[in-house]
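Engineer: For the sequence shown, the numbering used here gives the first residue as 78, with consecutive numbering after it.
Calculated from the structure, these hints are not laboratory results. Hints should not be assumed to be uniformly reliable.
Stated by the list, open to error - The calculated label-pair distances, taken between Cβ atoms and stated as ranges, are: (1) 264 to 87: 37 to 43 Å; (2) 268 to 121: 53 to 59 Å; (3) 129 to 270: 31 to 37 Å.
Cβ coordinates follow ideal geometry from the N, Cα and C atoms, glycine included.
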Amino acid sequence: EAQVVDCADGIAYNAHDLDDGITSELLNLEQVRKLALWREHEKDLDLKYKNLDFKLKKYQVVRQIINDLISDFRKTTLKNLKASKIQSVDDVRCAKKRMAGFSALMSKKNGELKKFLHKNLYNHRKVKRMEFKSEMCLTGLFNAFTSNSALLPETVERDGDYDSLQRRICDYISGMTDRYAISEYKKLYSPGEND
Numbered sequence: 078e079a080q081v082v083d084c085a086d087g088i089a090y091n092a093h094d095l096d097d098g099i100t101s102e103l104l105n106l107e108q109v110r111k112l113a114l115w116r117e118h119e120k121d122l123d124l125k126y127k128n129l130d131f132k133l134k135k136y137q138v139v140r141q142i143i144n145d146l147i148s149d150f151r152k153t154t155l156k157n158l159k160a161s162k163i164q165s166v167d168d169v170r171c172a173k174k175r176m177a178g179f180s181a182l183m184s185k186k187n188g189e190l191k192k193f194l195h196k197n198l199y200n201h202r203k204v205k206r207m208e209f210k211s212e213m214c215l216t217g218l219f220n221a222f223t224s225n226s227a228l229l230p231e232t233v234e235r236d237g238d239y240d241s242l243q244r245r246i247c248d249y250i251s252g253m254t255d256r257y258a259i260s261e262y263k264k265l266y267s268p269g270e271n272d
């Protein structure tokens with residue numbers, strides 16, 4: 078089960094990050110078109126539909142990438158289970174190799190996509206700046222609330238030992254939306270902001 082979930086998460090994250098990277102224009106479309114997974118599906122769509130709107134084309138290509146990855150994963154996993162004569166979960170645990178995964182060709186294509194996203198999206202200057210700002214915001218909120226629990230809303234229990242207070246502060250912050258966390262940060266650290 079863990080092997081399947083791990084792979085499913087990777088498929089979802091990579092496909093949606095690719096989509097978001099193109100939409101936000103953080104990814105260069107000409108570079109994206111060099112990816113085997115993208116190139117194959119865009120070519121097919123271009124042959125079928127001559128003047129397809131790019132937004133729709135992007136949606137269809139990403140959808141086809143997801144479908145390809147899932148289909149290959151399913152076929153390869155079933156093939157591995159059959160070849161290894163797996164009958165139970167214990168057999169999977171005792172297996173010398175991973176049962177769930179992609180074929181060699183799809184692993185190569187998926188690896189190319191992952192490498193591309195790391196190089197061009199996850200390490201993009203704008204993404205790194207947003208990560209930095211987010212870290213500053215969350216750290217700032219945590220530090221403010223732990224150093225002065227009176228800053229917490231009345232809905233957060235302030236009494237008790239320090240460790241349990243830290244846990245409640247973490248729970249409180251983790252329940253915030255991005256917009257709310259930024260608003261709270263500004264209220265705490267910007268002198269001109271009203272509560």
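Engineer: Taking the hints in turn, state whether each one holds.
Structural biologist: Hints versus structure:
The hinted window of 37 to 43 Å between residue 264 and residue 87 holds, with their beta carbons roughly 38 Å apart. In this structure the hint that residue 268 and residue 121 lie 53 to 59 Å apart at CB holds, the actual value being about 58 Å. Between residue 129 and residue 270 the beta carbon distance is about 47 Å. The supplied range of 31 to 37 Å is therefore violated.
The structure does not agree with numbered hint 3 stated previously, though it agrees with all others.
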